[in-house]
Structures are given as C-alpha cells and as structure tokens.
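> Top to bottom, those sequences are chains X and D.
When the letters of the first sequence are read in order and numbered with this note's numbering, they come out as residues 1 to 250.
When the letters of the second sequence are read in order and numbered with this note's numbering, they come out as residues 1001 to 1390.
Don't take each hint at face value.
Unchecked claim - Stretch-level coverage of chain X by chain D, calculated; a stretch enters the list once three of its residues show a Cβ under 8 Å from a Cβ in chain D: (1) 78-88; (2) 104-110; (3) 205-213; (4) 218-232.
Calculated directly from the structure, the hints in this document are not laboratory data.
Computed from a prediction, not measured in an experiment: that's the story for all the values here.
Note that CB positions come from ideal geometry on N, CA and C, so glycine has one too.
Read off the chains here:
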Amino acid sequence: MTVTLLRLAVVLVLAAFLVDPHLFQPLFEPLTQNGAPAIYDRTPFWQLAMAHLGIVLLAAVLATIVAVGMAIFVTRPAGREFLPFSRSLANIGQTVPPVAVLALAVPSVGFGLKPTLIALFLYGLLPIFENALAGLSEVPAPVVEAARGMGMNARQRLFGVELPLALPVILEGVRISTIVNVGTATLGSTVAAKGLGEVIVAGLLSSNDAFILQGGIVVALMAILIYDALGAVVRNAARRSGLARTGDKI
Amino acid sequence: MASPIFRTAPGMDRLGSAIALLALAGLSLTPLATFRPTRIASGVDHLLLSALPMGGVAALILALMLFCAVFTARSRAGWRLAAALVLLVVLVLVMGQSASFLTPEGNRYARIAPGAGFWIGCFAGLLGAGDALVRLSPGPALRVGALIAAFALFGALLHFGVWDGLSLMKEYANRAGSFWSEAGQHLALAGASVVAAAVIGIPLGIACARIEKLGSVTLPVLNIIQTVPSIALFGLLMGPLGYLAAHVALAKDLGIRGIGTAPAMVALFLYSLLPIVANAAVGMRQVPPEAVMAARGMGMTSAQRLMQVELPLALPVILAGLRIVTVQNIGMVTIAALIGGGGFGVFVFQGLGQTATDLVLLGALPTVALAFAAAILFDAGIELMKGRKS
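Next up, chain X with everything else stripped away, as it sits in the complex (with noise of 0.2 Å):
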C-alpha cells in the first residue's frame, strides 16, 4: 500500500516537473550563482524526456529482436555451432565501455541521434541476449518432449512451448538493458544527441548545480518508475509461465 501511493506520488512529481518545471524553481534556485537561471529552458523538458525515452524504446525494441533472435538461432540444431562462440562473444563485448562505443561510431556515422543508437543498442544485445540464452536453454527438455510427442513441430515447440516458458528470463534480460540504457542515453549528449543529458551537459559546461540536479533528478526518477513498471510485467509473465515460485530469483 505505500509502496503504491510512493509510486504514484513519484509519478506525479515527475509528471509536474515535465509539464512545468517553473514550479519547482524555488527549490534549485539555491544552487544557483550570480543570477544564472535555475531552470533549464532552452528546450522544453517534456520534449528532451520524449527524445529520451523516445531512443531508449527504439534501442531496447532493436536490441530485444536481433538479441531473442540470435538466442533462438543458437539454441537451434542448425544453429547450435554457434552457441560456444556467441556466448564468448557476448561475455567480452560486455567488457567494451559504451563511451567507446559512443565514440568510435561518431567518425563513421557522424554526430547526433545515430552513434547514440548504435551504442544503445550494442550495450543494450548483451544482456537480453544473455538472459535469451539462459531462458531457452533452461526449458525442461521433457516439457519439450512432451510437446514433441504431441506431435508438435519445431516451429510450434519454439513458439508454444520454448519461448513462453522461457519469457520471464528474457523480459527480466530487457528489464535490465532498457534501465541500464535510460542512465547510458544521457551520454548521448556528448555527441549531439537530443536527450536529458543536454540539461546535464549544458549545466557542466556553466558550472550550474541546478541543472546538472534536475537533470540527473529526472533520468534517475524515470529510470527507477521504468524499472518498477517492467518488473510488474515481469512477474505478471512468472505468473502466467507457472514460474513463479522463481519469482524471488528473478
């Protein structure tokens, strides 16, 4: 019951500060210096946390189709070849900081929202495929059994059996690197990329605590509702798999 009302009154919070951060300014008009203004106006804050959430969604969407898709390759017999390999590949790419990534893409694709995406949705492959990877090879082989010997076929195993038992894990591995990705996405103003992390930049540059605070307040806030709300679907998806007495693992 608190936990509800806490949520809501968060959610309210940030929602009045997306539609008029004006209100708030008495709060961070301390941090400010000489007059500087002590919010950040250049763009409207709904529209940054639109751009945000906007590049998040289309990494996370990207990255969940290739990444599921990838693991169900690999847990395959055509594709099972792969699967030492892959699971290599995406233990190191783990270890490649996404600054790098930011920057490296920027020469071949230039500034702005593209080096921005193309980091997001690498950081963003591991984790679910990871999780794809563990959830599809943790499907009881005589559950598949049983499905086989109800005459099903591959493509009906995979998509009646394997991925439903199998979508808590994925969902928690997207759960992950969509709010690992909200934190990430801020860096994309390093690069031009539209975002909140233009408030955070913009109050780096100017030395303006009150900036540098409103924007970390509201990716952080957005990132904890984000991660709240994916694992109620989370936990909706162990209930309706009969999973959930793993529900406290995952």
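Given the coordinates of chain X, work out where chain D should sit on it, guided by the hints.
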C-alpha cells in the same frame, strides 16, 4: 531440420565460413586506409589494391587466403589460431607500410588512418582467434600468458615504430607525455575506487548477509544510486565537494576540490558499492550451512569460521563482483574527463570536440584494452579459486 540456406557441403565449418566471409568482404569491399591532406581534412579512401605496394598486397592476400582456407574447413583449433594470428600480424604490418606508401615524399601534414577494411579485418581475425581459443579452452594460466604475449607483441610492434607513419601514432607522438600521465591517472582512479569500494563494500555485504534488516535497507539504496546517470553523479558531486573545499580548511589541505579527482573518485566509489555489496552478500548466503556447522564442531571461533571457512568459500562470488566493478569503472573513468578528472577520456572528448578520429581512438583503444585485460585476469583468478575449492 536445418533450413536449406544453412545446409553446407560436408567438411565445411559454418561458423568459420561466416568469419572468413566477414574478413573477405571487409578487406575487398571497404577501404583499407584513408588519406587526409591535413589532420582534420576530409579523407580519400583507398581500397586494398591502391593502399599498399605490391609486396604488401601479396602478403595480405596470401594471409587472407590462408585464413579463409583454414576457417572454412573443419580444421584443428591450433591451425585456426595460427591462421588468425598470421592475418592479424600481417594486417598490423601492412598498415604501417601503407602509411609510408601513401604519404607523399617529404609531406609532414598528410595523415594516413586505417579504414573500415582494416578494422573489419582485425575484428574477423580476433573473432577467429577467439573461436580457436574457445575450442582449445586453455586453462587460466595459459589465458593470462596469451594476454601477456599479445600485449608484448603489440608493444614490440609499436616500439619498433611499425605504426609510426600512421595518424594514430602521430597523435600519440604529439602527446606522448600526457598520454602516459593520463594512463596513470586512469588506472589510479579505477584502481583506487575499486579498492576503496572493496574495503567498505565486502564487510558491508557480509553484514547484510547476517543481518536481514540491514540488507533490506542497504541494497535498495545502492540500487537507486546506480540509476543516477554517471555523468550527472559526477557533476552533482562537484557542488558539495567544492563547498567542502571552500569552507573546510582540512579538506582543502587534503587536495579535495570541486572539480577533478575528488568528485570522480567519490562517484566511481558509489557506483562500485552495489555489485560488491550484493555479491558479497550472495556469496556469504551460499556458504553451505553444513560447512559452518562442521567448523563450529571443530571448535573454531566465529572469527576463525569467517576467515577460514566462509570467506574462502564465498571468494569466487566476491571476486565476480570485483570483476564487474573493475571493468565498469575502467570504462566509466572515461566520463570523469568531463569534470576534469583526467584519464583516457581526455583524448576521447578532445577528439570528439575537434572531430579528430585518431585522437578519439588514442583514448578509446587503450580503454577497451584495459577493460578487456582486467576481465581476462579476473576470470582467470575466479577459475583458479573455484578449481582450488573443489
């Protein structure tokens, strides 16, 4: 049933064929080198044939053919490793050759940079080497040895000036002094923040495992800290630390300032806490109660049990937390450059600002190499621990 597209002739290796195809396509279709009249002018692309003298072309084509032949066949892992290494070494060598070949005589402003073909070729070579290593599955000591050998080989190539004509090394030559001081700063920031977080985080994690209530309060708080974007956390700490420096004489004497190392250290430390505390708590909870019971039965005190039984058993999980944090911090130090924290990020952001690709590479490549090396070292360490346990 395999779909028809994937059905290949017997004796062909599909993963290897894919890697070989990538190398072939990259080196034949995309430019091997880019020529720029000046440092930041737009470049002219050169495909393999026009980027190299005849000898270099021949060497590269031979290495590529060997690579494709070995990788498309179901060859032994040792051969695969050799072919991949040959391709990588030849690529590095001809790239250096290309620099002197493409630079007009006596021109000091022209810049030669590796093109997409070079990077794709290297990527394919590394994939091939990785594939061979996965098949060989060498033990931890051998992997660390291979890492050291790779670094030594690359270091020797740079030392003997193989790449001196390339734009990347010219950027380095202009900044040789600051490169090494930034490297030191990068390592110091990443290392010190991990050590500090381990000193605080491991005991805290142990406490969280023992005291249910502490864990249920600490972990959510650390989780929330992780959601604050790194760039904002770096910035936010500038305020309070600047205040501290201005108003507390002792803080100022300790060298704490609003910009630079102090906020970077604190931010990295805060980010490091969650994985370390969470893994220490999980590791301690995983210790089999029977082991603790047996130790108690042997008359060990609670401190002896902790040091001699529980911690050694939890060590692989604790080390896994340290691995996550070390790799993460090596990457994140890059961002610290935005608030004057130094490190390789200085070159990355200068390069982005000047649209000088090679300067970006000068910062990004060592960062990636460091993170990669740290991951290999930790993985080897964790495996050794696990081996000793069983």
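> Hints first: check each against the structure and report whether it holds.
Against the structure, the hints:
1. 78-88: holds (count 7)
2. 104-110: holds (count 4)
3. 205-213: holds (count 4)
4. 218-232: Since three or more residues must qualify, the claim that chain D covers the region 218-232 of chain X holds, with 5 doing so at under 8 Å.
Checked against the numbered hints given earlier, the structure satisfies every one of them.
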